[in-house]
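**Student:** Using the sequences and the hints given, assemble the complete structure.
Residue numbers (our numbering), protein chains in the order written: chain A, 1 to 442; chain B, 1 to 442.
Incorrect hints may have been included.
If several chains are the same, the list does not tell them apart, and a pair holds so long as it fits within one copy or across any two.
Said to hold, decoys possible - Using 30 Å as the maximum straight-line C-alpha spacing, the simulated DSSO-like pairs for lysine-lysine come out as follows:
hint : residue 1 : residue 2
1    : Lys271    : Lys389
2    : Lys62     : Lys10
3    : Lys171    : Lys436
4    : Lys396    : Lys436
5    : Lys383    : Lys277
6    : Lys383    : Lys271
7    : Lys436    : Lys238
8    : Lys112    : Lys8
9    : Lys62     : Lys8
10   : Lys383    : Lys238
11   : Lys171    : Lys112
12   : Lys62     : Lys396
13   : Lys396    : Lys238
14   : Lys3      : Lys277
15   : Lys193    : Lys112
Don't read these hints as lab results, they were simulated from the structure.
These figures come from a predicted structure and were not determined experimentally.
Listed here are the chains, written in short residue letters.
There are 2 protein chains.
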Amino acid sequence: MKKIEARKLKGFADYSGTTMSLRSQIMEEVRRAASEAGFIALQTPALEYAEVLLGEGGETDKQVFMWEDNGGRSVALRYDLTVPFARFVAENGNLQMPYKRYQIGDVWRAEKPQKGRFREFCQCDFDIIGADTLSADFEVILAIMKVLTRLNKGTFTMTLGHRDVLGGLLKVFLPDVFQSPNGESACLIVIDKLDKIGPEKVVNELSLISGATREGAQDLLALLQKRDGEGSDLAAIKASLVSDEVATAALGRLESLLDLVNAIDMPLSVKLVADLKIARGLAYYTGVVFETTLDSLPSFGSVSSGGRYDQLTQRFVDRELPGVGGSIGLDRLVAAFEELGVLENTKRAGVFVVLASQGLESWAFQAAEFFRAQGVLCEVSLKPSKLAKQFALADKMNRAYAMVIGEEENSSQTVTLKDLSSGEQHSKLSLKDALKLLKPEL
Amino acid sequence: MKKIEARKLKGFADYSGTTMSLRSQIMEEVRRAASEAGFIALQTPALEYAEVLLGEGGETDKQVFMWEDNGGRSVALRYDLTVPFARFVAENGNLQMPYKRYQIGDVWRAEKPQKGRFREFCQCDFDIIGADTLSADFEVILAIMKVLTRLNKGTFTMTLGHRDVLGGLLKVFLPDVFQSPNGESACLIVIDKLDKIGPEKVVNELSLISGATREGAQDLLALLQKRDGEGSDLAAIKASLVSDEVATAALGRLESLLDLVNAIDMPLSVKLVADLKIARGLAYYTGVVFETTLDSLPSFGSVSSGGRYDQLTQRFVDRELPGVGGSIGLDRLVAAFEELGVLENTKRAGVFVVLASQGLESWAFQAAEFFRAQGVLCEVSLKPSKLAKQFALADKMNRAYAMVIGEEENSSQTVTLKDLSSGEQHSKLSLKDALKLLKPEL
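**Tutor:** Take a look at the structure:
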């Protein structure tokens, strides 16, 4: 029989072992932060009508997995969780507002696979719609900060910008780009690449946009890169925006958000700083935008980002539904932690049940279930083999104890426990006495 | 601007509210049953090379979502978690055997949508490879039984068959169908439809298979439907198989498994009974097979099924890797529970933080985070509005308490708590005193 090659698609990965444990831990912290703040769990389909997904993602549209299904429908795999969420909100007119939801789910993008970038990756999103307030922005950012803090694997910097401030600055320094309909978004896409390609190339690329001047681009970049302490020089930016009410109000909102985060009296391993050059690639953002990098691995890029999108549902319905959302890129974060080598090695834990002969399965499982019900990991030997081989397997599996079931244990309804670190053995214990050893805290 | 219709694809669903809560609860019980027995979490991609997935599923092949990606690769969405698992095992030659994994994940099948049948649905799989033993079969079945029991939403019957016993019976009653290469599997596919189309139609369809006789089909059906108590009449079946060693051994294995389950001394709301007419549609099963129905809704069909597949990895590699697995159809189970009306209504819980005026956000969030850190659901009002409106929202959200933050509470760093059931109010409590009310058990 001709064999089929057992292989995965490029950009796709299997997860198990310590990587999977860390993924599960992050998901657990996301669920915790969400439920303590009243975010409701939501799940939407992986597949949507292509027209529902396309047209909002700017650069992302090209990366969508899309095809015609057997029924002749143009379908696509979601490339984020935000656009399907907007579809959900538009489809369900009776949601109690403000509506807070979180979603953990895989998304797909046919981008070039590289370190920390996959074609299938998991995102953890927090979103609030129906409230265009500072509190809503803060609630989303706080939830993300708590998740990252509780992982206890490193410190982060979250940089905060605002689309309207950046738009205001473009009006000041590159006013003529607004004469063409896509001029502003073309500038944003170029500015968004600053960290990747550096200021000189950004100036070059901006100068090529219709209506832009090299001088204006240089002045803009100089201002965007000016620092006051760790963040953007907000006083200098404010001075440039003096005649622009919208941009000045946006800057005020951003400053209030910084104040609110700085005032909260809790240990956070995420520092929020203003950085007005943050643009974000996705076209749907309209207000604050943010990105987050690991302090010890900034080159890895953003592991969590988001922003305010006040018009997203308007593609579907006329109702005005302001929204704000943030996403933790679970697989990028895991890849970054792996790069840093902060994944924990598994410690000895649980019990491996060794069977001295066949026919003892019934008592072995009976005993195992007693301990499992108490939350003790209890693995039963599944293949008849010599005792020494079973002990070796118990050791290899990193179990803390071997529990031997022989004829005597079977007839006396007891177990024999061997501590695999110390070698100490306790013969023919009742299940209750064995539990005292396995879980002294009970 | 032309609006895009906010709609989902047929056969796809959004999940939130009580449905999502139940889904999360089932997943949590799957994780618990898995981790206490040492099943390792695994995640494989949703997308695979089409050739990896096709050719094993029999009837299922036609339902695979498949297309050519931008790189010209023939790709497909997984239709189950078992075949990708076989690919994973074949690709990773160094796994410690026996290898026990569980996986929770969505799968996709382009089948006709109907009640309880979706085109995207979540499966929870337990599999053990590298051990062709009774214990391995039992461990998988026990894990599923524990999950279903702990949900505490109904009783179940798990019917147990064996491919080799059914094969043996076919050799006795319809010996000539084995003259054509697909004769046996054609018979299995027909017998598998017994519950749906009834015995007469099965006899008719079997008679049409090359080599089959109407008389043989009738005798076979009569034997398969004969009952001894609740299960198949194993004595009568054994008598028919007397000269067939393989089938007799298979029947012995099935009886031992029944004995092992019946001997386990723990409360289980799943009853295991022999039913040798169980065939299962998927082509890869080779040993025991099982299906599970809700006792109060048998017409809904199987909510959990599985079996032994000793040759699955042989499509990829020559190594012999016996396996056994079982799957809980999470979305079918949820749909069945919904049909039965056993989903719980949400009870009053948590706190809604009412803000008397603007500018109090900082203390409001500070207080909220104090309670959240203790596991109290604490939702902060996100939109400035009149007090009465905020109280009404708190009530609508089914919160147990409203926590009022006004100027006085802000300046004295206190909170005012109002019990939304009794109307009782406790003014200006310290955070610690408020916590005593919210979590008396602390």
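**Student:** All hints are to be evaluated individually against the structure, with a verdict given for each.
**Tutor:** Here is how each hint holds up against the structure:
For a Cα distance limit of 30 Å, the shortest separation of Lys271 from Lys389 qualifies neither inside one copy, at 52 Å, nor across copies, at 35 Å. Taking the shortest Cα distances, Lys62 and Lys10 sit within 30 Å of each other both inside one copy (18 Å) and across copies (25 Å). When the C-alpha separation of Lys171 and Lys436 is checked against a cutoff of 30 Å, the pair qualifies neither within a copy, at 72 Å, nor between copies, at 55 Å. Proximity of Lys396 to Lys436 under the C-alpha cut-off of 30 Å is restricted to the intra-copy arrangement: shortest distance 25 Å within a copy versus 47 Å between copies.
Taking the shortest alpha-carbon separations for Lys383 and Lys277, only the inter-copy value of 29 Å comes in at or below 30 Å, while the best intra-copy value is 61 Å. Proximity of Lys383 to Lys271 under the C-alpha cut-off of 30 Å is restricted to the inter-copy arrangement: shortest distance 26 Å between copies versus 53 Å within a copy. Taking the shortest alpha-carbon separations for Lys436 and Lys238, neither the intra-copy value of 66 Å nor the inter-copy value of 47 Å comes in at or below 30 Å. For the identical chains of this complex, Lys112 and Lys8 are neighbours both inside a copy (15 Å) and across copies (29 Å), given an alpha-carbon limit of 30 Å.
In this assembly of identical chains, the alpha carbons of Lys62 and Lys8 lie at most 30 Å apart whether taken from the same copy (22 Å) or from different copies (22 Å). In this assembly of identical chains, the alpha carbons of Lys383 and Lys238 lie at most 30 Å apart only when taken from different copies (27 Å versus 73 Å within one copy). When the C-alpha separation of Lys171 and Lys112 is checked against a cutoff of 30 Å, the pair qualifies neither within a copy, at 34 Å, nor between copies, at 55 Å. Proximity of Lys62 and Lys396 under a CA criterion of 30 Å is satisfied in neither setting, with 47 Å inside one chain copy and 43 Å between copies.
Taking CA atoms no more than 30 Å apart as the test, Lys396 paired with Lys238 passes in neither setting, with 63 Å inside one copy and 42 Å between copies. In this homomeric assembly, Lys3 and Lys277 never come within 30 Å of each other (Cα to Cα): the closest approach is 53 Å inside a single copy and 32 Å across copies. For the identical chains of this complex, Lys193 and Lys112 are intra-copy neighbours only, at 17 Å inside a copy versus 46 Å across copies, given an alpha-carbon limit of 30 Å.
Consistency note: the structure conflicts with the earlier hints numbered 1, 3, 7, 11, 12, 13 and 14.
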